[in-house]
Amino acid sequence: MITRWCLLWLAFPAWADEGVFDQYRDLMGDDNPAIFVIDEGEEFWYQSQGPSGATLEACDLGLGAGVTRGAYAQFPRYFADTDRVMDIETRLIHCMETLQGRDRTVTAAKPYSLRGDFGTELEALVTWLAAESEGVVIAPEQGHPKERAMYALGEEIFFYRAGPHDFSCATCHEQSDKRIRLQQLPNLTDHHDAADAYGSWPAYRMSQGLVRTMGWRLQDCFRQQRWPGLTFGSEVSIALQTYMAVNAAGGIMTAPGLKR
Amino acid sequence: MNKTEKGRVSRRRLLNWVALLSTAVALPARAWAAVTRPDTAFDATALDQALMALGETPTRHEGVIFTTPDIAENGAVVPIRVEVDQTVLPNVSKVYVLVEMNPNPLAAVFDIASGTEVYIETRVKVAQTGNLYAVVESDGQLFMASRETKVTLGGCGG
Amino acid sequence: MAGRIKIRAQKKGEMTEVKALMRHPMETGMRKDQAGESIPAHFITDVAVLHGDQPVMQAHWGAAVSANPFLGVRFQGGQAGDAVRVVWTDNQGGTGEGETTIR
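Protein chains in written order, with the working numbering: chain V, 3 to 262; chain S, 5 to 162; chain E, 169 to 271.
Hints are computed from structural coordinates only; laboratory data are not their basis.
Warning: the hint list may mix true and false statements.
To be verified - Covered, in the sense of this in silico footprint (three residues per stretch, anywhere, with C-beta under 8 angstroms from a C-beta of chain V), are these stretches of chain E:
(1) 189 to 196
(2) 218 to 229
(3) 242 to 253
Claimed, not checked - Beta-carbon label-pair distances, calculated as ranges:
(4) E:Asp250 / V:Ser236: 52 to 62 angstroms
(5) V:Glu158 / S:Met105: 45 to 55 angstroms
(6) E:Lys200 / V:Arg225: 15 to 25 angstroms
(7) V:Arg117 / S:Thr44: 26 to 36 angstroms
(8) E:Gly220 / V:Gly21: 21 to 31 angstroms
(9) E:Lys180 / V:Ala151: 37 to 47 angstroms
(10) S:Val92 / E:Gly181: 16 to 26 angstroms
(11) V:Asp168 / S:Leu157: 30 to 40 angstroms
(12) V:Gly145 / S:Met105: 53 to 63 angstroms
(13) V:Arg86 / E:Arg271: 22 to 32 angstroms
Even for Gly, the Cβ is constructed at its ideal location relative to N, Cα and C.
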């Protein structure tokens with residue numbers, strides 16, 4: 003617990019040192035409401051749910067059944083039992099179905115909080131699992147051909163211009179030291195920026211009063227670009243996460259972060 | 005809007021609070037009943053209205069040390085700190101925090117045991133760029149400090 | 169989930185510094201949800217910090233205090249090992265409490 007308190011300050015993005023918000027962050031201190039959501043996620047992991055009444059303790063997140071320490075840092079990754087590359091969220095939905103017998107059309111119907119919600123089960127689980135990788139080196143698996151193909155797809159999508167503004171992810175995230183209004187934009191093609199960005203999600207979003215995941219953040223990016231909605235758990239979502247995670251590889255997980 | 009929902013003290017709620025404190029403190033419930041919530045002030049929708057409900061117009065005092073950020077990253081969470089220099093402003097028993105441009109300017113009231121140091125930190129919602137006020141009560145008089153905090157529009161929320 | 173408080177209490181010279189983070193939506197009652205329905209006001213109205221049995225501070229809050237509210241206070245005295253508690257009640261009659269020892 004003490005380690006969490008000490009490491010949470012690392013979640014502040016490095017580029018905030020342009021100075022504008024230093025005073026704000028200083029006065030804020032390091033009390034991040036995400037610490038509650040970490041506990042809530044842990045409780046969900048050990049909670050008996052679904053027709054089989056099982057917990058998620060036997061869920062294999064890539065390091066063996068029930069191994070949660072360090073697992074988040076190696077996502078997205080290929081799983082033989084589903085023969086595909088999965089992100090942490092789709093893997094959790096999978097475990098809820100196979101271990102607990104819970105219908106995926108129900109569990110995947112509303113993965114993220116809407117306005118007025120106080121957090122979803124999936125958001126909490128992802129937050130706890132990210133905290134279980136706190137301080138761990140970001141190391142998404144790229145040994146399997148499908149993992150490498152997912153990176154290539156993610157890279158292609160990253161530079162793909164579409165939508166009414168003809169935006170790609172690269173439009174905002176390919177150059178260093180850029181900002182929108184007073185918000186710094188990470189250069190996701192650059193290892194250092196990618197590591198800071200990817201490593202600080204999931205994060206407590208102050209403007210929302212909620213911890214949000216990387217998957218949610220991508221959905222919101224699509225909305226802001228005026229692209230069609232990004233489907234939860236889709237190949238596109240996993241591909242983009244893979245692209246970012248691989249570019250971030252070697253960096254350190256600092257999540258859950260604290261963001262505006 | 006239902007006034008009860010907005011915080012007007014209902015008898016039942018006040019009794020709940022007093023009961024909770026009594027079990028926490030093992031003091032007679034009556035000891036806490038004296039500290040009532042200034043609902044009229046909380047319900048006020050303009051700064052001068054809120055201040056009138058608290059008493060007189062406060063005068064500025066350098067003994068009120070009010071720290072707020074010049075610019076807030078977002079308006080939903082703005083950290084503030086109120087301290088009082090007891091050597092120039094003793095006997096502070098209450099601290100009020102007001103946010104001028106909020107729909108209801110009075111955000112918080114702190115009751116300090118007489119003679120105790122005043123050092124309070126919290127986080128408030130600031131609807132838009134404007135003045136924040138720390139008002140303290142000392143021997144029945146109101147004194148204050150104020151600061152402007154700018155609230156930024158988001159970029160894309162990363 | 170509801171009612172939780174994370175508290176740290178540390179000696180700082182003669183003073184004790186308490187930092188408390190509380191789990192609460194602090195809903196103003198002015199927002200509408202995705203379906204356009206009003207989200208009911210739900211916020212902490214009263215909160216107290218106690219050193220042992222002694223209240224060191226009592227506060228009244230409106231909905232303008234930020235969600236998952238933070239409260240930092242300092243008070244004179246206190247020894248390592250003493251109990252510090254925080255309790256709250258909200259406008260819907262809910263309560264929360266948490267405890268720690270001074271380090």
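Quiz item: Which of the listed hints are not met by the structure?
Solution: Of the numbered hints, 2, 3, 8, 9, 11, 13 do not hold.
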